[in-house]
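Peer 1: Sequences and hints are given; from them, build the entire structure.
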Amino acid sequence: MNKPQHDDYWLARPSTIKLLWRVFAVVLVLLVLAQVLIYVKGYFGVDGWFGFGAAYGFLSCLVMVLFAKALGYVLKRSEDYYDDGADDV
Amino acid sequence: MFELIPPAVFMIVAALLIGPARGHLRTAIVLAAPLITLWFVWQVPDGVAYTVPFLDYQIQPLEGSALRRLFATIFALMAFVGGLYAFRQAKWYELAAAYAYAAGAIGVSFAGDLITLFLFWELMALFSTVVVWCGGTKEARQAGVRYAIMHLLGGVILKVGIEGVVVHTGSIDIQPMLATNFDTWMMLTGILINAAAPPVSAWLADSYPSSSATGSVFLSAFTTKTAVLALILLFPGEPVLIGIGLFMVMYGIIYALLENDIRRILAYSIVNQVGFMVCAIGIGTEMALNGAAAHAFAHIIYKALLFMSAGVVVYRTGLNRCTDVGGLFRTMPLTAVCGIIGALAISGFPLTSGFTTKTMISQAAANESLVFVYMMLAAASAGVFLHAGIKFPWFVFFQRDSGLRPKDAPWNMGVAMVIFSVLCILLGVAPGLLYQFLPYPVEYEAYTPGKVLFYLQLLMFSGLAFFLLLPLMKRTETISLDSDWLWRVLLFRFGSWIYGLLAATGRSVAAAASAVLSAASGVATRYLGTPAGDDRPGVFARTWPIGVTALWIAVLLTTYVFIYYF
Numbered sequence: 001m002n003k004p005q006h007d008d009y010w011l012a013r014p015s016t017i018k019l020l021w022r023v024f025a026v027v028l029v030l031l032v033l034a035q036v037l038i039y040v041k042g043y044f045g046v047d048g049w050f051g052f053g054a055a056y057g058f059l060s061c062l063v064m065v066l067f068a069k070a071l072g073y074v075l076k077r078s079e080d081y082y083d084d085g086a087d088d089v
Numbered sequence: 090m091f092e093l094i095p096p097a098v099f100m101i102v103a104a105l106l107i108g109p110a111r112g113h114l115r116t117a118i119v120l121a122a123p124l125i126t127l128w129f130v131w132q133v134p135d136g137v138a139y140t141v142p143f144l145d146y147q148i149q150p151l152e153g154s155a156l157r158r159l160f161a162t163i164f165a166l167m168a169f170v171g172g173l174y175a176f177r178q179a180k181w182y183e184l185a186a187a188y189a190y191a192a193g194a195i196g197v198s199f200a201g202d203l204i205t206l207f208l209f210w211e212l213m214a215l216f217s218t219v220v221v222w223c224g225g226t227k228e229a230r231q232a233g234v235r236y237a238i239m240h241l242l243g244g245v246i247l248k249v250g251i252e253g254v255v256v257h258t259g260s261i262d263i264q265p266m267l268a269t270n271f272d273t274w275m276m277l278t279g280i281l282i283n284a285a286a287p288p289v290s291a292w293l294a295d296s297y298p299s300s301s302a303t304g305s306v307f308l309s310a311f312t313t314k315t316a317v318l319a320l321i322l323l324f325p326g327e328p329v330l331i332g333i334g335l336f337m338v339m340y341g342i343i344y345a346l347l348e349n350d351i352r353r354i355l356a357y358s359i360v361n362q363v364g365f366m367v368c369a370i371g372i373g374t375e376m377a378l379n380g381a382a383a384h385a386f387a388h389i390i391y392k393a394l395l396f397m398s399a400g401v402v403v404y405r406t407g408l409n410r411c412t413d414v415g416g417l418f419r420t421m422p423l424t425a426v427c428g429i430i431g432a433l434a435i436s437g438f439p440l441t442s443g444f445t446t447k448t449m450i451s452q453a454a455a456n457e458s459l460v461f462v463y464m465m466l467a468a469a470s471a472g473v474f475l476h477a478g479i480k481f482p483w484f485v486f487f488q489r490d491s492g493l494r495p496k497d498a499p500w501n502m503g504v505a506m507v508i509f510s511v512l513c514i515l516l517g518v519a520p521g522l523l524y525q526f527l528p529y530p531v532e533y534e535a536y537t538p539g540k541v542l543f544y545l546q547l548l549m550f551s552g553l554a555f556f557l558l559l560p561l562m563k564r565t566e567t568i569s570l571d572s573d574w575l576w577r578v579l580l581f582r583f584g585s586w587i588y589g590l591l592a593a594t595g596r597s598v599a600a601a602a603s604a605v606l607s608a609a610s611g612v613a614t615r616y617l618g619t620p621a622g623d624d625r626p627g628v629f630a631r632t633w634p635i636g637v638t639a640l641w642i643a644v645l646l647t648t649y650v651f652i653y654y655f
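Chains as they are written, first to last, in the numbering used here: chain A, 1 to 89; chain B, 90 to 655.
Mixed in with the good hints there might be a few duds.
[Unchecked claim] Here are the simulated PhoX-like cross-link-like pairs (lysine-lysine), alpha carbons at most 25 Å apart as the crow flies:
#1 B/K180 with B/K227
#2 A/K69 with B/K563
#3 A/K76 with B/K227
#4 B/K496 with B/K180
[What the hints assert, rightly or not] Restraint-style ranges between C-beta atoms, simulated for each label pair:
#5 A/S15 with B/A155: 49 to 59 Å
#6 B/D262 with A/V26: 50 to 60 Å
#7 B/N456 with A/R13: 44 to 54 Å
#8 B/E534 with A/F24: 24 to 34 Å
#9 A/F44 with B/A155: 29 to 39 Å
#10 B/G326 with A/Y39: 40 to 50 Å
#11 A/V29 with B/I94: 53 to 63 Å
#12 A/E79 with B/L242: 23 to 33 Å
#13 A/V29 with B/P287: 33 to 43 Å
#14 B/A155 with A/E79: 45 to 55 Å
#15 B/Y536 with A/S15: 34 to 44 Å
#16 A/F50 with B/E532: 26 to 36 Å
#17 B/W128 with A/F50: 44 to 54 Å
#18 B/Q525 with A/V29: 32 to 42 Å
For the record, the hints were derived by calculation from the structure and aren't laboratory data.
Using N, Cα and C, we set each Cβ at its ideal position, and we do this for glycine too.
Peer 2: And the structure:
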């Protein structure tokens, strides 16, 4: 990361970022609670459970990120991997 | 009949005129030709417009239907907005190639028979390669060669399949079929190569990001989506496609998560989005096919929008990698906002075109009680938000202050982005605009409160996961090995090994040959002497005493008598 520069752009201020996190948290809670009022039709039973979308969205992303991370250890190469003469046209 | 000029032919003529024209005339051609083509597209009636005899076949170069017009419409629209985006920045030959490429896509859309389809298919392969080469760098040149090899190979496989079908069924018609025998498998394979299906998906992420800032906008639109159209026309309901589609969906997400190159992230997410469509075609119900067509339409718009946004960043900064940029929202607000709209649309956020089209595919899976497919698609929807919806705008426009203060988009690029941004939202707010043009009647309500809530939960918590897991997703200056490693490295090594083997064999053969030659020459010298005739002539060249000669004649005659007697 770069050293923190003097940056008074409103969107980059720590106070704004803190505020955004709070708004985000409130939105997340409201989205789950809204299921009390709004009926979510489940096609297979489980997907109609309370907060299923939230849990499923979060967990599947967690799995994908971890899987990608693990795969990265096997697949990642330096950017000049293909440049070492093995691939000249 | 003036109305029945094939739109593709008109577009090709326009592409040819871009080169000779200069100045304002060229601009006029670039901007007007796609719009006139669009008008021609809408003059194409349902059914076969006319036939042309070719060899023993009746070619049908122009066949209309709701589905075909839908795809041709978005291709023409894409050419227009892409032309607007590119005409002041791109070289004229890139524009000409891109227009010929678009003409190929429009030609495939209206191809009434397999022969026409193949011709326009190859036209696309040819000119898209030129567009890749217009990147101008060494990487672009090399990637273009690999791209061309892959697509020519795909074309040959498709052609083998077409020949087989024509010979065995006697029909060149484009009609629904299933992959049941060698011919149809070859056709399916040929089409799937263009759809960037496994195991050759790597060609897409290899070539598109190497093209120019404007070229990748065109490339993102045509090849994979004509493949989707061909699959809808030829292989609706082919069960293999469900599995292939799901694989593509997950492959795109995982590789995009690993990627550092801005446009390569978007390239992987093309594979991801085409996976949704391929999966829908595999499901094959009317709703699924509607979903695939609608999603292709919406996808071209928001994906081009994303590539435009990324293209402006590349054009203004000359930088391609997430690790080099960041914090660009300060001086590029328009590019950032348009990029975010495209990112929301690709994620299928409610009120964007992605929501009204992608949920149709999920609904089709639910209606067929395909639990696994439905759940995978839902997980993938969350994953799209993760890898494209947030990752792209976050790392490019926010993340950290890179200190870069580039100017915002040039006016023509800005206008192009605004047009597509408006379309993304328009199709999300008023999906009926698109639904009425779908191939089958639409009995689908996109906005039910329950569905909106479900997807909002899914997406917002995916967003939470992104920011909580951000430390795990720190960009590294790396590339990720893909299946192209198989031919870029393994095949190359195998080739080198074969070459070494042949060279060694050649050397030993040469050594043996020269040994034989020198032995023979020794024998010859012994009996015949050297040509120059030195002191000691060869055996046959010497002078022999008369007695020896008489003895040999006696032996010869005796032998003769013996042979005669017995």
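Peer 1: Could you run down the list of hints and mark each one as holding or not?
Peer 2: Quick rundown of the hints versus the structure:
1. B/K180 with B/K227: Holds. B/K180 to B/K227 sits at ~17 Å (cutoff 25 Å).
2. A/K69 with B/K563: holds (10 Å)
3. A/K76 with B/K227: Given pair A/K76, B/K227 holds - Cα atoms ~22 Å apart, limit 25 Å.
4. B/K496 with B/K180: Holds, at about 21 Å.
5. A/S15 with B/A155: 49 to 59 Å: holds (54 Å)
6. B/D262 with A/V26: 50 to 60 Å: For A/V26 against B/D262, whose Cβ atoms are near 59 Å apart, the range 50 to 60 Å holds.
7. B/N456 with A/R13: 44 to 54 Å: Since B/N456 and A/R13 have Cβ atoms about 49 Å apart, the given range 44 to 54 Å holds.
8. B/E534 with A/F24: 24 to 34 Å: holds (29 Å)
9. A/F44 with B/A155: 29 to 39 Å: holds (32 Å)
10. B/G326 with A/Y39: 40 to 50 Å: 32 Å Cβ-Cβ, so the 40 to 50 Å window is violated.
11. A/V29 with B/I94: 53 to 63 Å: holds (59 Å)
12. A/E79 with B/L242: 23 to 33 Å: Cβ of A/E79 to Cβ of B/L242: about 27 Å, so the range 23 to 33 Å holds.
13. A/V29 with B/P287: 33 to 43 Å: About 40 Å separates the Cβ atoms of A/V29 and B/P287, which means 33 to 43 Å holds.
14. B/A155 with A/E79: 45 to 55 Å: At roughly 46 Å between Cβ atoms, A/E79 and B/A155 fall inside 45 to 55 Å, so the hint holds.
15. B/Y536 with A/S15: 34 to 44 Å: This hint holds: roughly 36 Å between Cβ atoms.
16. A/F50 with B/E532: 26 to 36 Å: holds (29 Å)
17. B/W128 with A/F50: 44 to 54 Å: The hinted range 44 to 54 Å holds for B/W128 and A/F50, with Cβ atoms some 53 Å apart.
18. B/Q525 with A/V29: 32 to 42 Å: Holds, at about 39 Å.
Hint violations for this structure: number 10 only, all remaining hints satisfied.
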